[in-house]
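Starting from the known structure of chain A, arrange chain B on it as the hints suggest.
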Amino acid sequence: MSTVTDLTSLTAAQMADGLAAGEFTSVELTQAHLDRIALLNPVLNAFLHVDSEGALATAADVDARRAAGEELPRLAGVPIAVKDIACTQGLPTTAGSRTLEGWIPPYDATIVTRLKEAGLPILGKTNMDEFAMGSSTEHSAYGPTRNPWDLDRIPGGSGGGSSAAVAAFLAPLAIGSDTGGSIRQPAAVTGSVGAKPTYGGVSRYGVIALASSLDQIGPCARTVTDAALLHEVIGGHDPMDSTSIDAPVPPVVEAAANRDLTGLRVGIVKELTGDGYQAGVQARFDESVELLRRAGAEIVEVSCPHFDYAMAAYYLILPSEASSNLARYDAMRYGLRVGPDGVDSPSAEQVMAASRDAGFGDEVKRRIILGTYALSSGYYDAYYGQAQKVRTLIARDFEAAFEQADVLISPTAPTTAFRIGDKLEDPMAMYLNDVATIPANLAGIPGLSLPSGVADEDGLPVGIQILAPATQDQRMYAVGAALEALLAEQWGGSGSVLDRAPDVTTGVTTGASAEDAK
Amino acid sequence: MSTYTQDVVSYDEALTRYDPVLGLEVHVELNTATKMFCGCAQSFGAEPNSQVCPVCLGLPGALPVVNARAVESAIRIGLALNCEIAQWCRFARKNYFYPDMPKNFQTSQYDEPIAFEGYLDVELDDGSVFRVEIERAHMEEDTGKSTHIGGATGRIHGAEYSLVDFNRAGIPLIEIVTKPITGAGERAPEVARAYVAALRDLLKALDVSEVRMEQGNVRCDANVSLRAKAGDDATAPEQLAVPLGTRTETKNVNSLRSVERAVRYEICRHAAVLDSGESILQETRHWHEDTGVTTSGRPKSDADDYRYFPEPDLVPVAPTRERVEELRATLPEPPAQRRKRLQADWGYSDLEMRDVVNAGALEVIEETVAAGATPAAARKWWMGDLARRANEAGSAVTELGVTPAHIAELDGLIRDGRLNDSMARQVMEGVLAGEGTPTAVADARGLELVQDDGALEAAVDKVIAANPDVADKIRDGKVQAAGALIGQVMKEMRGQADAAKARELILGKLT
Chain A
1 MSTVTDLTSL TAAQMADGLA AGEFTSVELT QAHLDRIALL NPVLNAFLHV DSEGALATAA
61 DVDARRAAGE ELPRLAGVPI AVKDIACTQG LPTTAGSRTL EGWIPPYDAT IVTRLKEAGL
121 PILGKTNMDE FAMGSSTEHS AYGPTRNPWD LDRIPGGSGG GSSAAVAAFL APLAIGSDTG
181 GSIRQPAAVT GSVGAKPTYG GVSRYGVIAL ASSLDQIGPC ARTVTDAALL HEVIGGHDPM
241 DSTSIDAPVP PVVEAAANRD LTGLRVGIVK ELTGDGYQAG VQARFDESVE LLRRAGAEIV
301 EVSCPHFDYA MAAYYLILPS EASSNLARYD AMRYGLRVGP DGVDSPSAEQ VMAASRDAGF
361 GDEVKRRIIL GTYALSSGYY DAYYGQAQKV RTLIARDFEA AFEQADVLIS PTAPTTAFRI
421 GDKLEDPMAM YLNDVATIPA NLAGIPGLSL PSGVADEDGL PVGIQILAPA TQDQRMYAVG
481 AALEALLAEQ WGGSGSVLDR APDVTTGVTT GASAEDAK
Chain B
519 MSTYTQDVVS YDEALTRYDP VLGLEVHVEL NTATKMFCGC AQSFGAEPNS QVCPVCLGLP
579 GALPVVNARA VESAIRIGLA LNCEIAQWCR FARKNYFYPD MPKNFQTSQY DEPIAFEGYL
639 DVELDDGSVF RVEIERAHME EDTGKSTHIG GATGRIHGAE YSLVDFNRAG IPLIEIVTKP
699 ITGAGERAPE VARAYVAALR DLLKALDVSE VRMEQGNVRC DANVSLRAKA GDDATAPEQL
759 AVPLGTRTET KNVNSLRSVE RAVRYEICRH AAVLDSGESI LQETRHWHED TGVTTSGRPK
819 SDADDYRYFP EPDLVPVAPT RERVEELRAT LPEPPAQRRK RLQADWGYSD LEMRDVVNAG
879 ALEVIEETVA AGATPAAARK WWMGDLARRA NEAGSAVTEL GVTPAHIAEL DGLIRDGRLN
939 DSMARQVMEG VLAGEGTPTA VADARGLELV QDDGALEAAV DKVIAANPDV ADKIRDGKVQ
999 AAGALIGQVM KEMRGQADAA KARELILGKL T
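Protein chains in written order, with this note's numbering: chain A, 1 to 518; chain B, 519 to 1029.
The set of hints was computed from the structure by calculation and includes no laboratory data.
Below, in silico cross-link-like pairs of lysine-lysine (DSSO-like), each with a Cα-Cα straight-line distance of 30 Å or less:
| no. | chain 1 | residue 1 | chain 2 | residue 2 |
| --- | --- | --- | --- | --- |
| 1 | B | K722 | B | K663 |
| 2 | A | K365 | B | K612 |
| 3 | B | K612 | A | K389 |
| 4 | B | K858 | B | K722 |
Just chain A, with the same shape it has in the complex (with noise of 0.2 Å):
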């Protein structure tokens, strides 16, 4: 490994601190990951849009602003990664869906705002599964992305391109959204570190809406400290998004920094282990909770009896939502326009039925049929407002658990890595894989996954999720700090379960430049 490729392998804090201190530029620390990213992205297919130019751009304007005694925010030259859901001004922004294919937004979103103010280099748009809808990023117009542990298998969904491109080393950081789950199982099932804030936590503007109500956007990391510090970044009140929280950011930095557990009330979500988990992932996570025990921690097991019904109640919601969101993919002002075959002049409504037909994949189609009919009138009370019912009652559920507990802990995802192809013709199947993370989408909690260690069947990374009390985001990063401290204690090494992942530059041709990534 070179030094330029080493630079890669640090934290983002380290990179922060590195450029602070002169030992390498932000332009130097970008081309590393550019480099890496050039050689890597072809077999792993994280990024559907590499930005060098601009990257290296701001590297540059950073290191001048730096050279200048200019005072930076902590991150700035730190590159990222950004899921492609987030419109970028002059980059192009596909949601991972045919129909937006060449669509370049006038406008950046929030988010892609206070990156830049915060000097983050942005390397590309990462991949994802259509409109976030999936959990194993095959449902991209643009070709699934591979796990860097085994490229068999899925990097998890529907923020598949950040965690593969995170846990392969080709950003240090990366943007998700996370609406039942899309940041945190990819986190899970790669080993790396995935959050979402409370609802209304980060701004949704320019944040290309898959469920309203549920979205949310955070970071993606390998470690909580950087999670945190992108958390930071990106977090606090926007006026452009009404569902927003006038609040300051929870002191999050902070959290991750104090890792005391004493006294400290864990509490066991009975509904979520047990039957249904891989062992291995079973496994994983009592050696987590035995750990938090011995540090200190109080165990508590909670009950929160309405979790059997979030499943169901998602899938109403999310459809319902989800069939309004996408209805102006229209062809009539941007996207993939077609017109209908066999019809001389076509008119607007025989253009936006066969615009849509071919602009959508089939996971999106099946969302928004059953979302239209779940808002059907004379369907309305039975699916859509039954499903807000039990929506209240997780939250009832939550909000009973956490009178008896700080936080809560699970297993963030049932299984590790499933194979490509697996639960490609098993909705119900790949709809499960999220039944531990819906429920704190539904409720608008806050909630953090990490690796636990790697299951002994598999040898695939375990993640295990931290739920936290609405706005109360500063607990999940305190546990989940300590948590990962006491894994690297007794794992060693550097501390992180990605020592163990495959070297997947094995076997890649090596003398790709960066202009391959292109």
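Leaving out everything else, chain B in the frame of chain A:
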């Protein structure tokens, strides 16, 4: 222009057999500086698609933010319509596809309107008052505006292509919906017109809309149905107990006169359909101003499925009771009450008052009186010379360059005896020509009644001496002959004399 053949029966005949029931939906464009959910300006007549942004274009990722000013206007309208104001209400998405609707859903309100359960008392032509019950007033956004090019009708069918202007997309609208208006009987068309007129006056007084119907600031959809007539009294319980007939909805009727005509036409058309034993098709209809008829639009059933659900991108609107009361305190005097008060204050006859109101001169006269003119003088100027001038120029009376202060000043000059009527008209010419204030014009043109009794007396003596015959007639008691002498005195004084004073002097000397 197309021709339509549709059976209608005469209005009088229709009313012998049927009782009309109305439902009026009025869309009001608010005059807020910016749109309902974004910061775009919404000025009339701007270059197409120049007042747009990611939000009102429905770009991927864009989110709405409620215009607080529009909510205030909605609450004030609700209060002025004697409505309850919701403690808590939400926006909802009305989902349907249309090329000029950027998101393919309209952000509106559904079962939780901001205002509900009110009424508006409407004054009819004979001075009687008809109460129209209001079901709800809710907030929503306008769509873009389609222009269909090619084809004969200007409608989408047969058009070669269509242009869409999204400047209108997202303009705040308040939709005001009446309850079924029963009991109007033969006066239903008049009630419809008077209701829209009263609503327009109210909105203008509230200063929440430009209320220019010709610009589409106020658009009326008129629902009409007929039911069997139970007796001569349209308000009798046995009449009100008769079930409502099937309705039609005539869309976008954009003038007061058209509202009355369209309702009247639909009553006649419904009657013909029902007379022939057929039933009314529930549908929307288009009003044709030129031919005075309606034509079939699209079928509409109560089961049109818009898949409404609460707008998840917006938080609920929950005005505090304190805020509602603060807004209530900003309400203007109700227009009908104000008219009554002013008529009493000014001593105008009913006819004079109606002319003033119809001419839209109420405000300017009020300001003129406030500036010091007598009500009679204010009415005389604004409804007389100036109204004629405005009419000739095709402009509004307030756009002539004459202000209420000018009129008050001119009236003061007359009352002070500085000008007579004919001089005052000359001064007005000068003001209209932009020569300055009435005093400045009078000074510049040397217009002033001669106040020097000596000069006037000399002129009188001179005229008497020059006209001994006339003087003798007056001495013999023919007082009316004085007019000839007065005319000559005025001529002698080059018009700048007080005719009354000249008469007094002449008669004093000869009788």
